[in-house]
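Participant: Sequence:
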Amino acid sequence: MAWMMVVKKESQSSTPSPQPLSGRAMTWTVLMKKEFLEQLRTHRLTVMAVAFVFFGLSSPLMAKLLPELVKATAGEMAIQLPPPTALFALDQYLKNLTQMGLLVVVLTAMGSIAGERERGTAAMTLCKPVSRVAFVGSKFLAYSALLALGLALSAVSCYYYTAILFERLDPLAFAAATALLGLYLLVILSVTLLASAIFRSTLAAGGLAFGLALAVSLVGSLPGIEQYGPAALVAWGRTLISGVGPVAWPALFVSLGLVVLCAVVAWAVFRRHEI
Numbered sequence: 030m031a032w033m034m035v036v037k038k039e040s041q042s043s044t045p046s047p048q049p050l051s052g053r054a055m056t057w058t059v060l061m062k063k064e065f066l067e068q069l070r071t072h073r074l075t076v077m078a079v080a081f082v083f084f085g086l087s088s089p090l091m092a093k094l095l096p097e098l099v100k101a102t103a104g105e106m107a108i109q110l111p112p113p114t115a116l117f118a119l120d121q122y123l124k125n126l127t128q129m130g131l132l133v134v135v136l137t138a139m140g141s142i143a144g145e146r147e148r149g150t151a152a153m154t155l156c157k158p159v160s161r162v163a164f165v166g167s168k169f170l171a172y173s174a175l176l177a178l179g180l181a182l183s184a185v186s187c188y189y190y191t192a193i194l195f196e197r198l199d200p201l202a203f204a205a206a207t208a209l210l211g212l213y214l215l216v217i218l219s220v221t222l223l224a225s226a227i228f229r230s231t232l233a234a235g236g237l238a239f240g241l242a243l244a245v246s247l248v249g250s251l252p253g254i255e256q257y258g259p260a261a262l263v264a265w266g267r268t269l270i271s272g273v274g275p276v277a278w279p280a281l282f283v284s285l286g287l288v289v290l291c292a293v294v295a296w297a298v299f300r301r302h303e304i
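Numbering (the numbering used here), first residue to last: 30 to 304.
By construction, these hints were calculated from the structure, which means they are not laboratory data.
For clarity, every value in this text was computed on a predicted model and none was experimentally measured.
A hint or two may mislead.
[Unchecked claim] FRET-style restraints, in silico, Cβ to Cβ:
hint	residue 1	residue 2	range
1	I254	G52	18 to 24 Å
2	A233	V185	18 to 24 Å
3	Y189	R300	42 to 48 Å
4	L251	G272	51 to 57 Å
5	G149	S271	47 to 53 Å
Positions of the beta carbon are idealized from the N, C-alpha and C atoms, including for glycine.
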């Protein structure tokens, strides 16, 4: 009887106890610090910030100079363009970020998980008491914060320069339009991180990410379902400032659902991989 009690105590002591809440919080904090330091070391933060500030500053400038550029290149052909406005500068801003901004997001995040698997650092991290949900989740949070920082810098640059060259836009409407644009780019970021979780190769992850991002963008051009595509959020943002255009509540809920779905699927795929 005594022997059975000793065995029972030994088996209970050998059973791993769940990590306490404070330990989990510490793990997430350490992983987030690791991600931010990695973004600094690999210049991802610098690239994102500089590129987005450039888009923010160049959009109103190009809107201002476009009539003169067309006039200079048209030669003897008479091309009459309407005077540029703040709304036209906003159109250029949204266009640049939905096209070139998409490219920057994919290139920045496509190696987030796949790159660590290639270099072997993912295995080193997971050898410690780090769960795969924490590993993948910290990637999503860190890159979302990076995107938010870049978009905030871009929005401030565009708003300030538009006010100088044209007129001051409604700040609340512009902030709401920027938030909708940010959600669209967050969907692109989410599908990129999903692609990075699927493949070990960064190039393969980038190829899949570009394909998924293109599919997400093209949904908004299909008749009958365009109001459900994340790209409809960008048009909705313009509507908030101009007062004319579509309202895309379905696209808002679909986009939020896609972000959550990509995060869950990325974790589910990654937990099955051999590191």
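Participant: Could you tell me which of the hints above the structure violates, numbers in ascending order?
Facilitator: Structure breaks hints 1, 2 and 4.
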